[in-house]
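Participant: Produce the entire structure from the sequences given, and follow the hints as far as they go.
The listed protein sequences derive, respectively, from chains U and R.
Numbering (the working numbering) for the first sequence: 49 to 282.
Numbering (the working numbering) for the second sequence: 167 to 412.
Derived contacts from chain R toward chain U, CB cut-off under 10 Å, selection only:
#1 249
#2 259
#3 260
#4 303
#5 315
#6 327
#7 334
Pulled from the structure, derived: some chain U residues nowhere near chain R, Cβ distances all over 10 Å:
#8 65
#9 69
#10 105
#11 121
#12 147
#13 150
#14 158
#15 181
#16 199
#17 204
Because the hints were derived from the structure by calculation, they are not lab data.
Beta carbons: idealized from backbone N, C-alpha and C, even for Gly.
So the chains spell out like this:
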Amino acid sequence: MSSLNKKTSGDGVLTIPVGDGTVFQDACANAAADESARVVVIHLTGDREAVEPGAPALLAALGMPVVAGLSGRIEDRALELALAADIRVCEPETTFAMMVSERGKLPSDGGTQRLPRVVGPGLAADMLLIGRTISAEEAFAAGLVTEIAAPRKARQRADEIATAIAAHGRAASVFTKEAVLKGGDMPLEHALHLEADLAILLHTDPERAEGIDAFKERRQPGFRPTPPGKDPET
Amino acid sequence: MTDSPFRTVIYEKHGPVAHIVLNRPAVINAFNVQMRDDLSEVLDAVKWDTDVAAVLLRGAGDRGFCAGADLSEFGSAPSQAAARHARWERDVFGVLRNLPVPTIAALHGHVIGSGVELAMLCDIRIAADDAVFSMPETCYGLIAAAGGTQTLPRAIRKGRALDMLLTGRRLDATGARDDGLIERVVTTTELATESERIAGELAGIDRALAGAIKASLAAARDLPLVDGLALERRLSIMLCRNVAGT
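Facilitator: Laid out in structure tokens, this is it:
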């Protein structure tokens with residue numbers, strides 16, 4: 049497992065290039081195996097990147113937080129890929145649409161499932177059935193994006209947000225993401241047990257101890273990426 | 167009047183409204199083990215007190231409702247098994263969430279971490295315009311553990327919940343209301359009177375009806391639609407019989 053490790057830029061932020069299918073697939077596999085990767089970033093520019101079938105599922109399977117910087121027209125499978133990220137940032141001119149159904153097809157990379165879970169059923173139906181294009185403002189109001197960056201700054205903002213997340217506890221971020229995504233499919237009572245169990249499992253994490261020490265000493269926590277080749281499970 | 171038997175919480179009954187005040191203002195009401203134990207006793211009393219028809223939860227002092235968990239006590243559990251046992255032995259968050267009467271949180275100033283989580287376990291949230299909300303747990307290598315990873319995405323859009331929980335992003339009162347994290351915003355001077363007015367209104371709702379509405383809302387969240395509709399119908403018939411029988 050450790051031999052597959054691909055170094056991140058050193059700050060724990062791993063950028064996965066969107067485009068060629070095998071490159072994307074390999075990058076996702078590397079990210080999953082890279083213990084120094086704390087957060088993944090993708091950039092979608094909407095200029096008809098070839099997002100391959102299955103790409104959203106690969107991205108969604110990653111345990112660490114995924115940030116997406118979005119510009120241009122984010123349509124169909126590109127939107128499905130963006131929906132597989134956790135945090136989305138766009139630009140004032142970014143637009144979003146799901147046109148596949150207009151062409152008589154059903155989205156097959158999560159569009160009918162993740163879109164309503166992210167924006168709510170009404171807007172999702174509007175987009176899926178009518179192929180309505182929504183603006184950045186509408187996307188923000190609906191919770192599809194959490195921030196509208198300045199013009200041409202989505203990439204930069206996504207990188208900044210990722211860098212901020214990379215400074216947080218790695219296991220804490222992974223467990224938080226898992227609690228939100230897995231717990232969302234459970235009755236609340238069960239979901240609260242999942243959260244509590246993850247919180248207690250986190251007691252074994254050295255970064256948690258460092259975070260608490262840092263808080264008591266009124267300083268910033270100094271989390272470090274796990275040294276390459278060191279597998280905490282062995 | 168504030169001769170409270172509790173060290174970290176003030177509990178007073180004003181007519182049918184139970185006032186619960188987090189009372190460690192020197193540390194912005196940081197949630198510690200003592201506060202958990204005090205709240206646990208208070209909430210158990212509220213749960214069985216048929217004179218109480220509504221609960222108003224707020225924080226003492228000018229600086230905020232609650233600055234989060236008191237990390238100075240963290241890391242003291244002897245083992246994970248012991249920590250897990252303690253978590254469910256006194257499930258103060260579960261008791262608050264499952265109270266049979268309507269609950270309202272009045273929020274001001276710092277509403278951080280566990281402060282947000284306590285508020286989310288109430289039915290309605292009203293905030294002063296000076297309130298600031300954030301979930302900074304992961305910044306300190308921690309995870310929200312008073313229900314925040316579950317209550318936030320059920321109250322606001324999933325992307326916004328992930329954003330708050332993973333980045334520690336701060337929201338002001340208006341932003342929190344726009345997102346759906348809280349229901350109402352008032353000025354700091356209006357917070358006390360307005361929250362008491364609403365609590366009084368909530369206390370005026372028939373106890374059985376309030377309980378049925380809360381149970382139905384929980385079903386709307388957890389059950390398939392067909393089962394939720396069946397529960398709603400059963401509860402409404404039960405309520406009609408109660409009215410006819412009195």
